[in-house]
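Line order of the protein sequences matches chains A and B.
If you count by this note's numbering, then the first sequence holds residues 1 to 321, one letter each, in order.
If you count by this note's numbering, then the second sequence holds residues 1 to 294, one letter each, in order.
Warning: the hint list may mix true and false statements.
Once the Cα atoms are required to be at most 20 Å apart in a straight line, the calculated DMTMM-like pairs of lysine to aspartate or glutamate come out as [claimed, not checked]:
1. A:LYS119 to B:GLU4
2. A:LYS207 to B:ASP236
3. B:LYS174 to B:ASP101
4. A:LYS77 to A:ASP58
5. A:LYS81 to A:ASP58
6. B:LYS6 to A:GLU211
7. B:LYS254 to B:GLU52
8. A:LYS83 to A:ASP315
9. A:LYS176 to A:ASP84
10. A:LYS119 to A:ASP261
11. A:LYS176 to A:GLU116
12. B:LYS6 to A:ASP216
13. A:LYS220 to B:ASP56
14. B:LYS222 to B:ASP236
15. A:LYS220 to A:GLU208
16. A:LYS25 to B:ASP171
17. B:LYS254 to A:ASP152
18. B:LYS254 to B:GLU4
19. B:LYS136 to B:GLU220
20. B:LYS254 to B:GLU38
21. A:LYS63 to A:ASP285
22. A:LYS168 to A:ASP152
23. B:LYS222 to B:GLU38
24. B:LYS254 to B:ASP236
25. A:LYS25 to B:ASP101
26. A:LYS83 to A:GLU69
27. B:LYS6 to A:GLU116
28. A:LYS21 to B:ASP101
29. A:LYS207 to A:GLU116
30. A:LYS220 to A:GLU116
31. A:LYS20 to B:ASP101
32. A:LYS81 to A:ASP285
33. A:LYS313 to A:ASP243
Label pairs and their computed distance ranges (CB to CB) [claimed, not checked]:
34. B:PRO194 to A:ILE205: 21 to 31 Å
35. A:TYR226 to B:GLY73: 27 to 37 Å
36. B:ARG3 to A:LEU122: 17 to 27 Å
37. A:VAL183 to B:GLN242: 28 to 38 Å
38. A:VAL93 to B:GLU52: 47 to 57 Å
Bear in mind the hints are in silico, worked out from the structure with no lab data behind them.
Just so you know, these numbers come straight off a predicted model, no measurement behind them.
Here a beta-carbon is modelled for each residue, glycine too, at the ideal position from N, C-alpha and C.
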Amino acid sequence: MTIEKTRPLITQNKRGSKSKKLIFKRALPLFLLMLPALIYLIINNYLPMLGLIIAFKDIDYRKGVLGSEWVGFENFKYLFKTKDALIITRNTVLYNLVFIVLGTIAAIVVALLLNEIVKRTLSKFYQSVILLPALISYVIVSYFVVALLSVDVGLVNNTLQNVFGISKISWYTEPKYWPYILVIVRLWKTIGFSSVIYYAAIIGINKEFLESAALDGASKLQQIWYILLPQISPIIITLTLLDIGRIFYSDFGLFYQVPLDSGALYSATNVIDTYVYRGLLVLGDVGMSSAAGAYQSIVGFILILISNFVVRKIDKDRALF
Amino acid sequence: MGRESKTWRWVARIFLMLLSLAALLPFILLFISSISSENSIIRQGYSFFPSEFSLDAYRFLYNHIEQLLRAYGITILVTAVGTVAGLLMTAMIAYSLSRRDLPLQRLFNFIVLFTILFNGGLVPTYWVYTRYMGIKNTLWAYILPSLLVNGFQILLMKSFFITTIPEEILDAAKIDGAGEIRIFTSIVLPMSTPVLATMGLLKAIAYWNDWFNGMIYITEPKLYSIQNLLNRMLRDIQFIVQSADIASRVDIGKMPSMSIRMAIAVIGVIPIIIIYPFFQKYFVKGITLGAIKG
């Protein structure tokens with residue numbers, strides 16, 4: 001992404017000739033233009049940041065956030081004593097790692113294949129079709145998964161039974177299958193999106209080296225390995241680092257909707273986001289839920305700072321700041 | 001060289017064909033299941049080749065068309081308002097931030113940037129919106145939380161303004177006596193239609209597909225958007241009957257629930273599939289906008 005560095009303030013150079021008051025008066029319309037979005041960011045982002053203090057309080061609904069008793073780290077102590085804390089952290093991080101590794105490799109492979117299609121209309125057609133899953137919500141995806149996996153009428157069970165003679169599997173109560181199911185669903189939904197990004201990167205690179213390498217008799221794999229991949233590696237690295245920066249966050253819809261919120265599957269499907277949601281809106285345990293949320297916010301913040309720091313070292317233009 | 005690249009081309013074609021099939025087949029299964037007869041589904045399950053077709057599911061849903069239309073109406077309204085308002089607010093702040101003579105520019109940039117890096121999470125957000133904003137069971141619940149404006153898009157649009165709108169034009173307009181607001185509406189916005197269209201499309205898709213806000217802030221079935229109706233019916237297929245007026249209730253036992261389940265999902269995806277060819281180009285642009293330089 002390109003986010004330009006701040007331009008120098010020319011107002012500083014004009015000190016003396018104009019008073020500060022005049023500068024601000026002139027900029028009044030610009031401030032007005034910013035106002036709606038700033039108010040929104042305050043309500044939607046900054047107030048909730050302050051609201052993180054909920055995690056350090058024993059919330060009493062009648063007294064509100066400010067009136068409730070401070071309890072220090074009690075909520076966190078309580079959270080980390082449960083085995084849930086370990087499970088949700090493990091699930092969140094491991095799933096994301098698998099998504100990053102498999103997702104990136106798959107996206108690059110598909111992008112390379114798209115690049116082999118010479119006819120632009122055809123490659124556009126393929127792009128459009130593999131992007132379809134990116135257009136629909138996880139609610140719809142869950143209907144697809146139900147059509148495939150429901151016990152009695154699902155396509156998969158009926159095929160297993162009729163073709164292979166395997167007895168029906170109760171997919172929605174057997175956690176051991178879900179790591180695979182979730183990875184497949186996630187790849188299915190995101191591969192179009194991410195391969196289009198890499199495809200655009202491949203199209204954008206300088207083709208001269210490739211052509212001369214081909215003339216020198218380099219095989220296709222050699223061309224890919226020695227010329228194409230090194231040229232898009234800055235993008236691969238930065239996108240991967242940004243993903244790592246978000247490794248504490250997960251796709252709520254994937255982990256909540258697709259398993260139909262089935263309690264029997266929580267050991268394989270519970271992640272920090274679903275844990276926070278259930279704590280708040282299903283169980284009504286604000287202390288635990290807010291502690292888990294604050295844990296996610298703070299670790300997530302540190303990770304994003306670190307990943308951005310590394311991105312800056314590699315490719316300054318792509319860093320967030 | 002010729003033969004090798006030919007083999008590669010074939011490998012690519014076959015593989016992409018399979019991948020396209022994998023992307024399409026669930027949609028096809030959904031559709032065929034929705035027009036399969038209840039008996040054939042019970043006998044052989046959801047299948048690409050049902051033994052008997054039937055439109056019972058759609059006939060049944062037609063009896064509840066009021067609920068479906070209301071849900072669609074809410075989705076369309078929310079998508080339209082959210083997209084236009086969000087886009088305008090994003091463009092307005094992005095334009096001001098792109099101006100080098102904006103006082104306190106660093107501070108304002110930081111205010112936007114920090115929202116990308118750090119967030120309070122669900123619990124405090126829920127608290128703010130329900131306690132202080134009172135959006136529970138109002139249409140604002142679909143529009144406001146998290147979707148309206150985001151810092152990332154502001155910074156993206158800011159860099160678009162910096163790179164594509166020459167300062168000379170702005171200066172010339174100022175000399176001609178145009179005010180800042182006038183410059184924004186009659187020069188900056190018209191010059192930015194490509195980026196506005198692309199970003200607007202991404203916003204519209206996000207609003208159209210969002211079920212999370214509805215799930216946590218809306219408990220009144222009359223206010224359900226299409227995604228929330230689908231979400232509810234995913235777990236409770238009889239919901240549409242229970243929430244209907246007594247007069248239009250039918251015998252739940254006779255309901256073809258297996259095919260209805262798929263038909264309702266078809267009704268949920270059909271509009272997107274129909275208009276997809278028209279916005280496909282902008283969608284691809286939108287995806288690469290955030291990730292690729294230039």
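Comparing the hints with the structure gives:
no. : hint                             : verdict
1   : A:LYS119 to B:GLU4               : 18 Å, holds
2   : A:LYS207 to B:ASP236             : 55 Å, violated
3   : B:LYS174 to B:ASP101             : 14 Å, holds
4   : A:LYS77 to A:ASP58               : 13 Å, holds
5   : A:LYS81 to A:ASP58               : 17 Å, holds
6   : B:LYS6 to A:GLU211               : 16 Å, holds
7   : B:LYS254 to B:GLU52              : 18 Å, holds
8   : A:LYS83 to A:ASP315              : 40 Å, violated
9   : A:LYS176 to A:ASP84              : 18 Å, holds
10  : A:LYS119 to A:ASP261             : 44 Å, violated
11  : A:LYS176 to A:GLU116             : 38 Å, violated
12  : B:LYS6 to A:ASP216               : 18 Å, holds
13  : A:LYS220 to B:ASP56              : 54 Å, violated
14  : B:LYS222 to B:ASP236             : 16 Å, holds
15  : A:LYS220 to A:GLU208             : 15 Å, holds
16  : A:LYS25 to B:ASP171              : 18 Å, holds
17  : B:LYS254 to A:ASP152             : 19 Å, holds
18  : B:LYS254 to B:GLU4               : 61 Å, violated
19  : B:LYS136 to B:GLU220             : 9 Å, holds
20  : B:LYS254 to B:GLU38              : 10 Å, holds
21  : A:LYS63 to A:ASP285              : 16 Å, holds
22  : A:LYS168 to A:ASP152             : 8 Å, holds
23  : B:LYS222 to B:GLU38              : 29 Å, violated
24  : B:LYS254 to B:ASP236             : 16 Å, holds
25  : A:LYS25 to B:ASP101              : 12 Å, holds
26  : A:LYS83 to A:GLU69               : 26 Å, violated
27  : B:LYS6 to A:GLU116               : 10 Å, holds
28  : A:LYS21 to B:ASP101              : 14 Å, holds
29  : A:LYS207 to A:GLU116             : 13 Å, holds
30  : A:LYS220 to A:GLU116             : 10 Å, holds
31  : A:LYS20 to B:ASP101              : 12 Å, holds
32  : A:LYS81 to A:ASP285              : 15 Å, holds
33  : A:LYS313 to A:ASP243             : 17 Å, holds
34  : B:PRO194 to A:ILE205: 21 to 31 Å : 23 Å, holds
35  : A:TYR226 to B:GLY73: 27 to 37 Å  : 57 Å, violated
36  : B:ARG3 to A:LEU122: 17 to 27 Å   : 21 Å, holds
37  : A:VAL183 to B:GLN242: 28 to 38 Å : 36 Å, holds
38  : A:VAL93 to B:GLU52: 47 to 57 Å   : 48 Å, holds
Figure legend: structure checked against the earlier numbered hints; hints not met, in rising order: 2, 8, 10, 11, 13, 18, 23, 26 and 35.
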